[in-house]
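All chains, full assembly: derive it from the sequences and hints.
Which chain is which? The protein sequence lines are A and B, in order.
If you're matching positions, the first sequence starts at 1 in this note's numbering and goes up one per residue.
If you're matching positions, the second sequence starts at 1001 in this note's numbering and goes up one per residue.
A couple of the hints might just be wrong.
Said to hold, decoys possible - Below 20 angstroms or equal to it, Euclidean Cα-Cα: the simulated EDC-like pairs (lysine to aspartate or glutamate) are:
# : chain 1 : residue 1 : chain 2 : residue 2
1 : B       : Lys1228   : B       : Asp1420
2 : A       : Lys252    : B       : Asp1211
3 : B       : Lys1113   : A       : Asp250
4 : A       : Lys389    : A       : Asp224
5 : B       : Lys1454   : B       : Asp1518
6 : B       : Lys1698   : A       : Glu286
7 : A       : Lys235    : B       : Asp1028
8 : B       : Lys1415   : B       : Asp1123
To be verified - Stretch by stretch, here's where chain A covers chain B in the computed footprint (C-beta under 8 angstroms, at least three residues):
#  : segment
9  : 1114 to 1128
10 : 1209 to 1218
Claimed, not checked - Each pair of labels, with its calculated beta carbon distance range:
#  : chain 1 : residue 1 : chain 2 : residue 2 : range
11 : A       : Thr109    : B       : Arg1665   : 52 to 60 angstroms
12 : B       : Leu1302   : A       : Asp250    : 54 to 62 angstroms
13 : B       : Pro1110   : A       : Glu77     : 37 to 45 angstroms
14 : B       : Arg1348   : A       : Lys192    : 32 to 40 angstroms
15 : B       : Asp1095   : A       : Asp97     : 39 to 47 angstroms
16 : B       : Ala1631   : A       : Pro144    : 33 to 41 angstroms
17 : A       : Pro236    : B       : Asp1095   : 19 to 27 angstroms
18 : B       : Val1186   : A       : Lys192    : 52 to 60 angstroms
19 : B       : Ala1631   : A       : Pro236    : 24 to 32 angstroms
20 : A       : Asp97     : B       : Pro1110   : 25 to 33 angstroms
Because the hints were derived from the structure by calculation, they are not lab data.
Note that the coordinates shown come from a computational prediction; the quantities given were computed from them, not determined experimentally.
By construction, the Cβ of each residue, glycine as well, lies at the ideal position given by its N, Cα and C atoms.
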Amino acid sequence: MGMTTFDIAVIGAGSVGNPAALFLAQRGVKVLVIDRCTAPGQGENKAAIGGVRATHSDPAKISLCLQSVEHLSTFQEVYGRDVGWKPGGYCFPVFDDAIERTLKSLLPTQHRFGLDIQWLGAAAIKEVVPGINTENLRGGTYSPGDGQVSPLMYADACWKEAVQHGAVYRFGETVTGITVKAGRVTTVTTDKSAYSVGAVLNAAGAGARRIGALTGLDIPVQPDSHEAGISAPVKPFLDPLIVDLRPGPDGKTANFYFGQNREGQVIFCYTPRDLFIGEDRESTSEFLPIIAQRLIDLIPAFRHLLIRRVWRGLYPMTPDGVAIVGGVDGIEGMYLGVGMCGQGLMLGPGVADCLASLIVDGRPSIEESVFADLSFKRDFSAARIESLK
Amino acid sequence: MSGNTEFRLRSHPILTIEDRPAVNFAFDGQPVQGRAGEMITTSLFANGIRIFGHHESDGAPQGIFCVNGQCSQCMVIADGMPVKGCMTPVAEGMDVRSCNAAPELPLDEPRPKFSGTKTRTVDVLIVGGGPSGLTAADELGALGIGTLLIDDKARLGGKLTLQTHNFFGSIEDCYAGMRGMDIAEVLAADIRKHESVETWLSAAAVGVYADKKVGILRGDEYILVEPKVLIVAAGAREKSLAFPGCDLPGVYGAGAFQTLVNRDFIKPTDRLFIVGGGNVGLIAAYHALQAGIEVVGLVEALPSVGGYKVHQDKIKRLGVPIWTSHTVLRAEGADGVQRVTIAAVDERFSPVAGTERSFDIDTLLIAVGLNPIDELLITAEKYGMCTLAAGDSHEIAEASAAIFSGRIIGREAAKQLGHDVEIPDQWHQTAEVLRAKPGDTVALPEAAPQDLDKFPVFRCDQEIPCNPCTEVCPVNQIKIPGDSMLGIPEFVGEQCTGCGKCVIICPGLAISVVVGSDPDRQTANVMLPWELPLGDLAKGVEVETVDADGDVVGRGTVTKIKLFKSADRRHLFWIDVPYDDRLRVAAFRPMAGERQDQQGMAEAAHYAVTLPGDDPIICRCMRVRKSEIIAEIRAGVRDMNQLKASIRTSMGSCGGKTCTDLILRLFREEGVDLADVTLPTTRPLDTEVPLGIFAGIKEVDA
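What follows is the structure in structure tokens.
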């Protein structure tokens, strides 16, 4: 049987798989990407709101996202394809003492890992966020280097670029088996075909656990679901993405976030206080009334936004809220880029770059000690201090 | 009344033009006048304004398209807020601006207070107060079942309210012989009698959610309704057609036209051309003629029209040229359509070079069929709600069929709720007959009763579900052989009274009655119906007589005109014709000289069949052209969600309601099996809604 041979099979054409395919192909690796959907980015990738921030508290995430920001903000320059990049930063407006203390306490770490972020007073925040309700506004953080892409445009551009660099995509195929012989991966079987491979990258997003099980791995990724929505365009007025960390008076929201994309559309999402565990992607009647009050309370003019569409996407969560990136002890050629915890789009390019370095050069592209925090063999039950997710 | 009335109908043979109070407002700073209760775009049309803005991406002028809240081409800025002009009533002092770019948010808004979202439960929610929704509600009401009927328009009846012509079917089952607009009144009155039926007008279902609630936008309130049974009777939307210039202002749907003319009493055009020979296109032509609008022609790609032949015949007899086996090649014009070019098509529907003809027009109606409005239905079914579809949401058919089948759906809903109610087998059979597509055309017998002084002559030569003529004959001498109303009626007796009741009721205007023959003087007197403006027609006036196909027979002289109260606005004309013409004369029209240049043909332009650069717009909202989509298809794209990402089709305001169908057609044209195509994911909302409405804004802090 003449099985097609590839150096690596990337499982999942999403926020990790697409850039991984591109970076690997650019390094001369013969890449196969397999996705059960019929086009790139059709899993959780397209459900993202597009915010890309290195504004985190976890050093690994700061490092990876700085790489992502670099990649996404220069994509058009480098590859000549538009990904809808909009600079403008991230702003966390603050209305209470506890959140102020938390955010201020993160600044030294953030600065140490190279993030451009500062604390602004209330007046300056009002400049950065026109129309903001200033009642109890104390100030906030502002990280001007962060930005936003169109998740749809990025998936499309990244896929096309990867293909141009030689990556082969197989859409509409579901991986049904991964063969490990003598401690190393040899074959990937799908519902349609089988491929001889030297390595496998599990970048299957919400499906990471199922793919892991094919080689007997128990990858602790459990999706929960978040709802989002988008408006019709309005004249550009808001540069940064906004995160309001206050839990809502509704008792339903832990925090919420939004931004205006390059097309002028306001795109928004909230973190539910009680998580919706599982893979349900269908919109509920609860979302719009709740998010509407939160958005209008913060920027009253939002009452006039015409809402176009709502949807729901999955956050593939790990027990400690940090992604799982790296190799797997005992299975040579098996790599994981999973558990992005809802931040696949902003982590994806950084994670992909690290993995490409690891796979080709044997070492990640960020500090090894920081990278180790992302390993599969870490203790997931250990309480990690991630003040800012 | 004052102000610009040039574009308003002053009189109409069927409609009563209401004299409504004037409303003064401004459009782009210029004073304009509307009428109380009418929509912004209607008022603008009445003032001769047909361009409501320009697309931000390429400056293309944006005119009316659906007049049904389905698209967003009529977006304007009213008092600073973007609104659909066709769904937003004018108000005194309103400041309306054309929409040329994304609107600016007024950032100095005060902080409002919120009242939260109301929810309610109901046994049955019916979405759509058209024919099927109304009869479903009537059945449920008769059983005392709690029913909430919503409709996004200000008046019940759906598209029935626009139909000035008499309906087909049978009197008993679906009010045949009555005008659609009057049937709407009857059905609406029926449901008002039921205490258990509540009606919300100007209320739109904007989404169904996974928790089995339906979000309803009612005025400026958002209400979540949780029904035990959901009946989707939302009707249909018009299919579109892609050709160069299809996006020009003045190119729009036949339903949109009917709304402007028959609901809003606007005369939106002087010279109209129609694409599509289904019933919608044929009826639109007739409605145009009733409103005194010249119909320059109608094209149909098939070798014969798809609509009822009687609808075709009545417009042919009035002089409308029908071009079968022809298609529209392009529309042209600077800021609106000014010329249409058509061409003959071969068996594969490809235009034949050298057959192009152009016509100077100002409006081009697209009437190429309907698609069910079924997004709510599909979503509700996916969420496991008990859901039923009625009328066009279930299957595209005549309104008469929807009137009847709505009753079945109403009872079906009752059964779902556990009520012991019977749905007679006969109902299903009748529904089937009323849904029947037009059947074969038969050759009518030539011979007439030689020795009778009075007798009817039928030009009803196609099997359609219709029989009111058999019901009204006072001497019971009109019969349809067999037991189906699909058959062809015949005069079976020997004593016609010449009462004219069959002439008055025939929805197809397909009966004449010879009421007096004088072989010696070689004359005969023929009774014929007339539903258009009388104009100069009067006793003693000479008219042109035409045969069943609209070909000129000769001349006749009007001897009498009567408008019986019982004739429901249909005039009866008695016309003296030469004796030998008496069987051939099927209709008449004013003498050619009194009409405008009927062919209205501009000099045929010498275009190649396809001009280089002919690249029609497919996605109107995002201005995506055919070539961009073809390129993606040829690059291997089979997932319509991927088209959203790469070229942004259906990412705009209407959510793909118009272009999805056109894109699927492009896949087919490219030889792609549609089984290999992934359809776009549908999500709430069905129509754009201001965020403040979801928040339940109660008041604004001072």
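So the hint says 39 to 47 angstroms: do the beta-carbon atoms of aspartate 1095 (chain B) and aspartate 97 (chain A) match that?
holds, 45 angstroms
Check, residue by residue, whether the segment 1114 to 1128 of chain B contains three or more positions whose beta-carbon lies closer than 8 angstroms to a beta-carbon of chain A, and give the verdict.
That given contact holds, which follows from 3 residues of the segment 1114 to 1128 of chain B lying within Cβ reach (below 8 angstroms) of chain A.
Tell me if the straight-line CA distance from lysine 1698 (chain B) to glutamate 286 (chain A) falls inside 20 angstroms.
holds, 19 angstroms
Quick one, are lysine 1228 (chain B) and aspartate 1420 (chain B) close enough, alpha carbons at most 20 angstroms?
At roughly 17 angstroms apart (the allowed maximum being 20 angstroms), aspartate 1420 (chain B) and lysine 1228 (chain B) satisfy the hint.
Would the hint linking lysine 389 (chain A) and aspartate 224 (chain A) be met if the CA-CA limit is 20 angstroms?
The given pair, whose Cα atoms are some 15 angstroms apart, holds under the 20 angstroms limit.
Is the hinted range of 54 to 62 angstroms satisfied by the C-beta distance from leucine 1302 (chain B) to aspartate 250 (chain A)?
Since leucine 1302 (chain B) and aspartate 250 (chain A) have Cβ atoms about 58 angstroms apart, the given range 54 to 62 angstroms holds.
Evaluate the given range 52 to 60 angstroms for the C-beta pair formed by valine 1186 (chain B) and lysine 192 (chain A).
For lysine 192 (chain A) against valine 1186 (chain B), whose Cβ atoms are near 59 angstroms apart, the range 52 to 60 angstroms holds.
Check the hint pairing lysine 1454 (chain B) with aspartate 1518 (chain B) against an upper bound of 20 angstroms on the C-alpha distance.
holds, 11 angstroms
Would you say the C-beta atoms of alanine 1631 (chain B) and proline 144 (chain A) sit inside 33 to 41 angstroms of each other?
Given a distance of about 38 angstroms, which is inside 33 to 41 angstroms, the answer is holds.
Proline 1110 (chain B) versus glutamate 77 (chain A) beta-carbon gap, inside 37 to 45 angstroms or not
At 43 angstroms between Cβs, range holds.
Does the Cβ distance between arginine 1348 (chain B) and lysine 192 (chain A) fall inside 32 to 40 angstroms?
holds, 35 angstroms
Are three or more residues of the segment 1209 to 1218 of chain B within 8 angstroms, CB to CB, of chain A?
Held - the segment 1209 to 1218 of chain B has 5 residues with a Cβ nearer than 8 angstroms to chain A, which meets the minimum of three.
Hint violations for this structure: none, all hints satisfied.
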